[in-house]
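Peer 1: Kindly generate the complete structure, drawing on both the sequences and the hints.
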Amino acid sequence: MKDEAGLQSWFIKRVEKMVTAKGKKMIGWDEILEGGLAPEATVMSWRGMEGGIEAAKMGHDVIMTPTSYCYFDYYQAEPEGEPLAIGGFVTLKKVYSFEPVPPVLNEMESRHILGAQGNVWTEFIATPEHAEYMAIPRMIALAEVNWTEKENRDYNDFIRRMDHQFAILDQLKVNYGKQSTRVDISLSRNESTGKLMVGMETELYKPEIRYTTDGNDPTATSVVYSAPFEIPASCTIKAAIFKEGKQLGKVSERAFALHSATGVKCEVSPAPSFKYQARGIQSLTDATLGSVNHNDGCWLGFEGDDIEITIDLGKEQMVRNIEVAFLQNLKAWIMLPKSIVLEVADFSGKYAQSNELSVSMVTPADTVLRNNLVIQVKKQNCRFIKLKIKNGGPLPANHLYPGEPAWLFIDEVVVN
109 MKDEAGLQSW FIKRVEKMVT AKGKKMIGWD EILEGGLAPE ATVMSWRGME
159 GGIEAAKMGH DVIMTPTSYC YFDYYQAEPE GEPLAIGGFV TLKKVYSFEP
209 VPPVLNEMES RHILGAQGNV WTEFIATPEH AEYMAIPRMI ALAEVNWTEK
259 ENRDYNDFIR RMDHQFAILD QLKVNYGKQS TRVDISLSRN ESTGKLMVGM
309 ETELYKPEIR YTTDGNDPTA TSVVYSAPFE IPASCTIKAA IFKEGKQLGK
359 VSERAFALHS ATGVKCEVSP APSFKYQARG IQSLTDATLG SVNHNDGCWL
409 GFEGDDIEIT IDLGKEQMVR NIEVAFLQNL KAWIMLPKSI VLEVADFSGK
459 YAQSNELSVS MVTPADTVLR NNLVIQVKKQ NCRFIKLKIK NGGPLPANHL
509 YPGEPAWLFI DEVVVN
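Numbering (my numbering), first residue to last: 109 to 524.
None of these hints come from the bench; they were simulated from the model. Backbone N, C-alpha and C define an ideal beta-carbon position, used for all residues, glycine too. A few of these clues could be false.
[Unchecked claim] FRET-style restraints, in silico, Cβ to Cβ:
(1) Pro-510 x Lys-110: 28 to 36 Å
(2) Gly-223 x Gln-279: 26 to 34 Å
(3) Thr-128 x Pro-510: 16 to 24 Å
(4) Pro-510 x Pro-340: 46 to 54 Å
[Unchecked claim] Below are the BS3-like pairs computed for lysine-lysine, each with C-alpha atoms no more than 25 Å apart in a straight line:
(5) Lys-498 x Lys-439
(6) Lys-373 x Lys-358
(7) Lys-202 x Lys-358
(8) Lys-494 x Lys-458
(9) Lys-373 x Lys-303
(10) Lys-201 x Lys-314
(11) Lys-423 x Lys-496
(12) Lys-165 x Lys-125
(13) Lys-383 x Lys-496
(14) Lys-358 x Lys-423
(15) Lys-373 x Lys-286
Peer 2: And the structure:
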């Protein structure tokens with residue numbers, strides 16, 4: 109026995125013998141993979157899909173329940189106006205998009221994926237009504253994912269049918285999540301034209317979405333959204349749902365900053381935490397700016413890690429400066445970085461240090477802000493940009509948990 113993982117494996121295997129002797133079958137969270145898996149154990153894959161894939165390849169049954177799709181104690185809408193939750197951000201649409209059977213598994217291995225499970229942990233949930241609010245309607249979406257073949261799933265048809273489900277829930281006096289008036293505003297590049305297009309979606313069926321691009325709140329006379337549209341420059345878009353001239357719910361807002369690296373390939377090491385992955389690594393160059401809310405779905409979060417970001421501009425360009433946005437929220441264990449080292453390279457890929465920036469916490473320490481740091485670049489043609497970012501932790505002596513690892517949150521690397 110070499111380490112604690114080996115000790116855990118020995119313990120789990122011993123417990124399994126006792127369980128199977130009673131005619132039962134053991135199920136364990138994916139940590140039981142560490143040190144060697146018990147022979148008949150079923151694995152609950154919660155820290156992503158990797159543990160489940162590993163177990164299925166070994167011939168073990170698997171229940172897929174990753175946090176990014178199946179944790180219903182996470183926020184289901186913008187935290188403002190929602191009951192307090194543990195964090196995270198899992199919308200109804202995100203749940204419905206879940207595919208429990210990873211494509212990397214062959215037919216035999218896929219048979220070991222028993223299905224998916226939704227979880228509601230109750231550290232922040234005090235009443236049955238609150239539990240209902242967190243679980244429903246997301247558990248309805250996950251149920252359909254489980255019993256419907258992938259090729260037969262249709263989100264638009266699902267939300268059309270949800271109108272009937274909501275009527276039933278109302279009749280049963282169920283306290284379900286009524287978060288469907290939120291407008292999801294996103295930016296993507298049209299593959300055929302190369303243009304950056306803004307799209308809008310909601311959880312309502314055929315909603316009347318009205319929007320503005322000048323930063324003002326939409327009204328009943330604002331432009332109606334009908335299809336994705338191009339934005340030629342940076343702007344703030346606001347949108348809301350209207351019905352019979354009246355606004356339903358709050359105004360949704362998203363700021364976009366177009367720049368020289370918008371949409372280009374980037375890499376980051378190590379990978380962000382599974383708790384805060386935004387829209388993936390490409391969130392660093394998707395022109396979408398985060399808010400001061402670390403649960404808004406725009407931030408990549410790193411727990412205790414220094415990180416390194418590499419950006420390939422695709423061609424040599426004259427770069428003046430780099431803007432990088434970080435979050436400070438000490439109450440949530442999020443600190444600004446200690447320092448940023450900038451390196452650049454031409455087409456040869458040989459890096460040279462261009463600048464270094466030291467960073468201090470903004471006072472008072474309980475200030476919550478999105479801090480946009482600007483790093484000047486010595487005038488030169490660049491194709492590759494590398495940022496070495498030093499984590500700001502550990503948490504300071506006056507914190508409730510001094511010495512614990514600090515989080516580093518970053519949302520966009522703007523290249524000017």
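Peer 1: Decide, hint by hint, whether the structure agrees.
Peer 2: Do the hints match the structure? See the list:
1. Pro-510 x Lys-110: 28 to 36 Å: About 33 Å separates the Cβ atoms of Pro-510 and Lys-110, which means 28 to 36 Å holds.
2. Gly-223 x Gln-279: 26 to 34 Å: 29 Å Cβ-Cβ, so the 26 to 34 Å window holds.
3. Thr-128 x Pro-510: 16 to 24 Å: violated (46 Å)
4. Pro-510 x Pro-340: 46 to 54 Å: The hinted range 46 to 54 Å holds for Pro-510 and Pro-340, with Cβ atoms some 49 Å apart.
5. Lys-498 x Lys-439: holds (20 Å)
6. Lys-373 x Lys-358: Cα-Cα ~34 Å, so violated.
7. Lys-202 x Lys-358: holds (21 Å)
8. Lys-494 x Lys-458: Holds, because 11 Å separates the two Cα atoms, which is no more than 25 Å.
9. Lys-373 x Lys-303: holds (16 Å)
10. Lys-201 x Lys-314: Judged against 25 Å, a Cα distance of about 15 Å means the pair holds.
11. Lys-423 x Lys-496: holds (22 Å)
12. Lys-165 x Lys-125: The given pair, whose Cα atoms are some 22 Å apart, holds under the 25 Å limit.
13. Lys-383 x Lys-496: Within the cut-off at roughly 22 Å; holds.
14. Lys-358 x Lys-423: violated (42 Å)
15. Lys-373 x Lys-286: The given pair, whose Cα atoms are some 37 Å apart, is violated under the 25 Å limit.
When each numbered hint is compared with the structure, violations occur for hints 3, 6, 14 and 15.
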